[in-house]
Amino acid sequence: MIDPTNTTLEIGSAGCDTAILGIGSFEQHSAHLPVETDFFFASHVSRQTASRLQAILLHPLPYSTSLEHLGFAGTVTLKPETLAAVVWDIAESVHRWGIRYLVLLNSHGGNFCLNPAARQWNMERKKPHLLLIDFFTSLSEIGGNLHAGEIETSMMMHLAPQRVREDKPEDFVPTWSRADLTHLGMKGISPTGVWGYPSRASAEKGAKWFDEAVDHCVERIRTLKGAFSKLTPI
261 MIDPTNTTLE IGSAGCDTAI LGIGSFEQHS AHLPVETDFF FASHVSRQTA SRLQAILLHP
321 LPYSTSLEHL GFAGTVTLKP ETLAAVVWDI AESVHRWGIR YLVLLNSHGG NFCLNPAARQ
381 WNMERKKPHL LLIDFFTSLS EIGGNLHAGE IETSMMMHLA PQRVREDKPE DFVPTWSRAD
441 LTHLGMKGIS PTGVWGYPSR ASAEKGAKWF DEAVDHCVER IRTLKGAFSK LTPI
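Those letters in the sequence shown? Residues 261 to 494, by my numbering.
Careful: at least some of the hints might be erroneous.
Derived DSS-like pairs (lysine-lysine); straight-line CA-CA distance at most 27 angstroms [to be verified]:
hint, residue 1, residue 2
1, Lys386, Lys339
2, Lys387, Lys339
3, Lys386, Lys447
4, Lys386, Lys465
5, Lys468, Lys387
6, Lys428, Lys447
7, Lys485, Lys387
8, Lys428, Lys387
9, Lys465, Lys428
10, Lys465, Lys339
Pairwise CB distance ranges (calculated) [as the list claims (entries may be wrong)]:
hint, residue 1, residue 2, range
11, Thr483, Thr442, 38 to 46 angstroms
12, Leu399, Val336, 35 to 43 angstroms
13, Thr442, Asp471, 17 to 25 angstroms
14, Ser459, Ser437, 35 to 43 angstroms
15, Gly486, Asp440, 22 to 30 angstroms
16, Leu491, Gln422, 19 to 27 angstroms
17, Leu399, Ser311, 39 to 47 angstroms
18, Arg356, Lys447, 27 to 35 angstroms
These aren't lab readings, by the way, just hints derived from the structure by calculation. Predicted model only: the values in this text are computed from it and were never measured. Built from N, CA and C at the ideal position, the CB exists for glycine as well.
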């Protein structure tokens, strides 16, 4: 892993062609997890992934699109177009270093705007290539744990147990679908901000899921870089 804040290395000429940008959020995670939970995960997963791949580690973004959580105090959100513009600006900056691949390592499920933003950029054949990876999609046994449930609580218990309050709220899985966050927001669906089973969390499960997340990111980056390398230039 290369930390660009501590080196004057000519990155492009040194054979390092990949930079990793973790994308977190600053939003409610009920009463038992900190508002920077997604940023915390983005920081740790991107650091481990960059270390495995000897990639450039960029400082993660602490804010993203959290519109569905605006009913709760503590939530800060960017507009979707703002987040897309920030990502594109960062991509243009690292391209000047000789970076060929910018990994958008997303840890927040509400960042739907990243998909069309990365798709537009790549289909226009701009550089660097944008590799969008949502590490939560790789985790096993997710069940109904959408937010502040078993998975996120377990991972925090593994990485920073002092950040988890013992008086967890009750388990809650609504009858509404995830798509209805668009209509009702999290506050209208779950008064406590929980969607899942925090009571089932454990540090052991968190260690398992964290390792799965890093393994998925490493393998996905390798696969996508291989695919991009075979594209016919236009």
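Results of checking the hints against the structure:
no., hint, result
1, Lys386 x Lys339, "holds (23 angstroms)"
2, Lys387 x Lys339, "holds (24 angstroms)"
3, Lys386 x Lys447, "violated (39 angstroms)"
4, Lys386 x Lys465, "violated (40 angstroms)"
5, Lys468 x Lys387, "violated (35 angstroms)"
6, Lys428 x Lys447, "holds (18 angstroms)"
7, Lys485 x Lys387, "holds (13 angstroms)"
8, Lys428 x Lys387, "violated (45 angstroms)"
9, Lys465 x Lys428, "holds (17 angstroms)"
10, Lys465 x Lys339, "violated (34 angstroms)"
11, Thr483 x Thr442: 38 to 46 angstroms, "violated (31 angstroms)"
12, Leu399 x Val336: 35 to 43 angstroms, "violated (26 angstroms)"
13, Thr442 x Asp471: 17 to 25 angstroms, "violated (33 angstroms)"
14, Ser459 x Ser437: 35 to 43 angstroms, "violated (23 angstroms)"
15, Gly486 x Asp440: 22 to 30 angstroms, "violated (38 angstroms)"
16, Leu491 x Gln422: 19 to 27 angstroms, "violated (46 angstroms)"
17, Leu399 x Ser311: 39 to 47 angstroms, "violated (20 angstroms)"
18, Arg356 x Lys447: 27 to 35 angstroms, "violated (42 angstroms)"
Checked against the numbered hints given earlier, the structure breaks hints 3, 4, 5, 8, 10, 11, 12, 13, 14, 15, 16, 17, 18 and satisfies all the rest.
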